[in-house]
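Protein chains: 2
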Amino acid sequence: MIIMPDKKTWPVSITPDNYPEFISTSSEHLTRKGSDLAGYFEEEPEPDTVIYEVFEAETVGHIKMAMTVLKPGKVGNEFHMTKGHFHEDDKAGEVYVCFKGQGMIVMQTKEGQTDELRLTPGALAYIPPGWAHRTINTGTEDFIMLATYPETAGHDYGPIQEKGFIKRVVEINGQVQVV
Amino acid sequence: MIIMPDKKTWPVSITPDNYPEFISTSSEHLTRKGSDLAGYFEEEPEPDTVIYEVFEAETVGHIKMAMTVLKPGKVGNEFHMTKGHFHEDDKAGEVYVCFKGQGMIVMQTKEGQTDELRLTPGALAYIPPGWAHRTINTGTEDFIMLATYPETAGHDYGPIQEKGFIKRVVEINGQVQVV
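Chains as they are written, first to last, in this note's numbering: chain A, 1 to 179; chain B, 1001 to 1179.
Just so you know, not all the hints are guaranteed correct.
Per label pair, the in silico range of CB-to-CB distance [as the list claims (entries may be wrong)]: (1) B:Glu1111 x A:Thr140: 29 to 37 Å; (2) A:Ser24 x B:Lys1110: 29 to 37 Å; (3) A:Pro20 x B:Glu1111: 45 to 53 Å; (4) B:Val1176 x A:Ser24: 36 to 44 Å; (5) A:Val178 x B:Lys1163: 52 to 60 Å; (6) A:Thr31 x B:Glu1044: 32 to 40 Å; (7) A:Gln161 x B:Lys1033: 50 to 58 Å; (8) B:Ser1035 x A:Arg118: 40 to 48 Å; (9) B:Lys1091 x A:Gln161: 41 to 49 Å; (10) A:Thr25 x B:Glu1088: 26 to 34 Å; (11) A:Thr31 x B:Asp1156: 50 to 58 Å; (12) B:Ala1038 x A:Val178: 49 to 57 Å.
Below are the BS3-like pairs computed for lysine-lysine, each with C-alpha atoms no more than 27 Å apart in a straight line [to be verified]: (13) B:Lys1074 x A:Lys100; (14) A:Lys163 x A:Lys110; (15) A:Lys33 x A:Lys71; (16) B:Lys1083 x B:Lys1163; (17) B:Lys1091 x B:Lys1163; (18) B:Lys1064 x B:Lys1083; (19) A:Lys64 x B:Lys1064; (20) A:Lys71 x A:Lys167; (21) A:Lys64 x A:Lys110; (22) B:Lys1091 x B:Lys1064; (23) A:Lys64 x B:Lys1083; (24) A:Lys71 x A:Lys100; (25) A:Lys83 x B:Lys1064; (26) A:Lys91 x A:Lys33; (27) A:Lys110 x A:Lys91; (28) B:Lys1074 x B:Lys1091; (29) A:Lys33 x A:Lys83; (30) B:Lys1091 x A:Lys64; (31) A:Lys64 x B:Lys1033; (32) B:Lys1083 x B:Lys1033; (33) A:Lys64 x A:Lys33; (34) A:Lys100 x B:Lys1064; (35) B:Lys1033 x B:Lys1091; (36) A:Lys91 x B:Lys1074; (37) A:Lys163 x A:Lys91; (38) B:Lys1033 x B:Lys1074; (39) B:Lys1110 x A:Lys64; (40) A:Lys100 x A:Lys83.
To be clear, the hints were calculated from the coordinates, so they are not data collected in a lab. By construction, the Cβ of each residue, glycine as well, lies at the ideal position given by its N, Cα and C atoms.
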């Protein structure tokens, strides 16, 4: 089964069964290890541990797509998470679709509004423009999502790298808690 | 449970369970009856039969979202379907997520390339720029999808209204066939 005969211009479907093919045909692949996330968690992660991977499709047009595979695990009592970022283009929203696993998106605005959404397979999250977003794996298997975003979006990691998110997602007495 | 406290600027999740709330809070609602689809099917549909409904969210930023509820049924041996359209902006692709039911997307380019994808709950389809797209309910319950597309996309119904799609999706001997 070939899902991307021409990555740029041919229709494709991505399902909970065939998503590894999306990954295998992606044009950009980024791996974030503990060392890349120094300063993000309350405690410091093992430098060589792979926390997550991002696979970006080579698409044309105004929509881009990327799949994130967030590995299960914790750093201290804090669940594995992505760095999180604002968009450079503050008019660019984003849509996430969850394919596998259990997790959350934590979001906040520059004005300090904060919100979080739980995501399970088949669910979708809409992140409006102006909201920084970070995904968190609260389960015991890979948490896999596909993001769709405008080509203009860009990544602004600065504010989160500097100040972090207001909320953290941790395990307390075996329960997932947003604190 | 309120999923859209502020439709434009607050994060929302949409799941196979809560999608009716998306529908209830959408700002635009369009109903297509048989009479609106005169000339589209091989045979003529009953004028008063509701074939599908579209619910568009009031979003800000570069991404728009709309949910389509395509009713089960056939006109002759041809499954219920949407009109189908090109985008006015030929650089605008689209992403569909299926929430409920069984169906297909049939697509074609102005150069006569044609393709189709099956969609089941939790699956996603990427429609590249330049491909007209129509959804088809091949099942026995509502076929419900959420579409995400650039704000610039627009709808160009003309070429399909005039010439139709090259392929039709019909039932032959109890089987779904693309002919």
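Each hint, compared with the structure:
1. B:Glu1111 x A:Thr140: 29 to 37 Å: 48 Å, violated
2. A:Ser24 x B:Lys1110: 29 to 37 Å: 31 Å, holds
3. A:Pro20 x B:Glu1111: 45 to 53 Å: Violated: the Cβ-Cβ distance is about 31 Å, outside 45 to 53 Å.
4. B:Val1176 x A:Ser24: 36 to 44 Å: 29 Å, violated
5. A:Val178 x B:Lys1163: 52 to 60 Å: 53 Å, holds
6. A:Thr31 x B:Glu1044: 32 to 40 Å: 57 Å, violated
7. A:Gln161 x B:Lys1033: 50 to 58 Å: 54 Å, holds
8. B:Ser1035 x A:Arg118: 40 to 48 Å: 42 Å, holds
9. B:Lys1091 x A:Gln161: 41 to 49 Å: 33 Å, violated
10. A:Thr25 x B:Glu1088: 26 to 34 Å: The hint (26 to 34 Å, Cβ to Cβ) holds, given that threonine 25 of chain A and glutamate 1088 of chain B are roughly 29 Å apart.
11. A:Thr31 x B:Asp1156: 50 to 58 Å: 41 Å, violated
12. B:Ala1038 x A:Val178: 49 to 57 Å: 53 Å, holds
13. B:Lys1074 x A:Lys100: With Cα atoms ~34 Å apart, lysine 1074 of chain B and lysine 100 of chain A exceed 27 Å; violated.
14. A:Lys163 x A:Lys110: Given that 27 Å is the threshold and the Cα spacing comes to 11 Å, the pair holds.
15. A:Lys33 x A:Lys71: 10 Å, holds
16. B:Lys1083 x B:Lys1163: 12 Å, holds
17. B:Lys1091 x B:Lys1163: 22 Å, holds
18. B:Lys1064 x B:Lys1083: It holds: about 19 Å lies between the C-alpha atoms, which stays within 27 Å.
19. A:Lys64 x B:Lys1064: At roughly 14 Å apart (the allowed maximum being 27 Å), lysine 1064 of chain B and lysine 64 of chain A satisfy the hint.
20. A:Lys71 x A:Lys167: It holds: about 20 Å lies between the C-alpha atoms, which stays within 27 Å.
21. A:Lys64 x A:Lys110: 24 Å, holds
22. B:Lys1091 x B:Lys1064: Holds, at about 15 Å.
23. A:Lys64 x B:Lys1083: Cα-Cα ~26 Å, so holds.
24. A:Lys71 x A:Lys100: With a Cα-Cα distance of about 11 Å, the restraint between lysine 71 of chain A and lysine 100 of chain A holds, given a limit of 27 Å.
25. A:Lys83 x B:Lys1064: Given pair lysine 83 of chain A, lysine 1064 of chain B holds - Cα atoms ~26 Å apart, limit 27 Å.
26. A:Lys91 x A:Lys33: 30 Å, violated
27. A:Lys110 x A:Lys91: OK: lysine 110 of chain A and lysine 91 of chain A at ~14 Å, within 27 Å.
28. B:Lys1074 x B:Lys1091: Violated, because 33 Å separates the two Cα atoms, which is more than 27 Å.
29. A:Lys33 x A:Lys83: 11 Å, holds
30. B:Lys1091 x A:Lys64: Holds, at roughly 12 Å.
31. A:Lys64 x B:Lys1033: This hinted pair is violated, its Cα atoms lying about 34 Å apart.
32. B:Lys1083 x B:Lys1033: 11 Å, holds
33. A:Lys64 x A:Lys33: 24 Å, holds
34. A:Lys100 x B:Lys1064: 25 Å, holds
35. B:Lys1033 x B:Lys1091: 30 Å, violated
36. A:Lys91 x B:Lys1074: With Cα atoms ~42 Å apart, lysine 91 of chain A and lysine 1074 of chain B exceed 27 Å; violated.
37. A:Lys163 x A:Lys91: Given pair lysine 163 of chain A, lysine 91 of chain A holds - Cα atoms ~22 Å apart, limit 27 Å.
38. B:Lys1033 x B:Lys1074: Holds, because 13 Å separates the two Cα atoms, which is no more than 27 Å.
39. B:Lys1110 x A:Lys64: Given that 27 Å is the threshold and the Cα spacing comes to 23 Å, the pair holds.
40. A:Lys100 x A:Lys83: 20 Å, holds
This entry does not satisfy hints 1, 3, 4, 6, 9, 11, 13, 26, 28, 31, 35, 36, going by the numbered hints stated previously.
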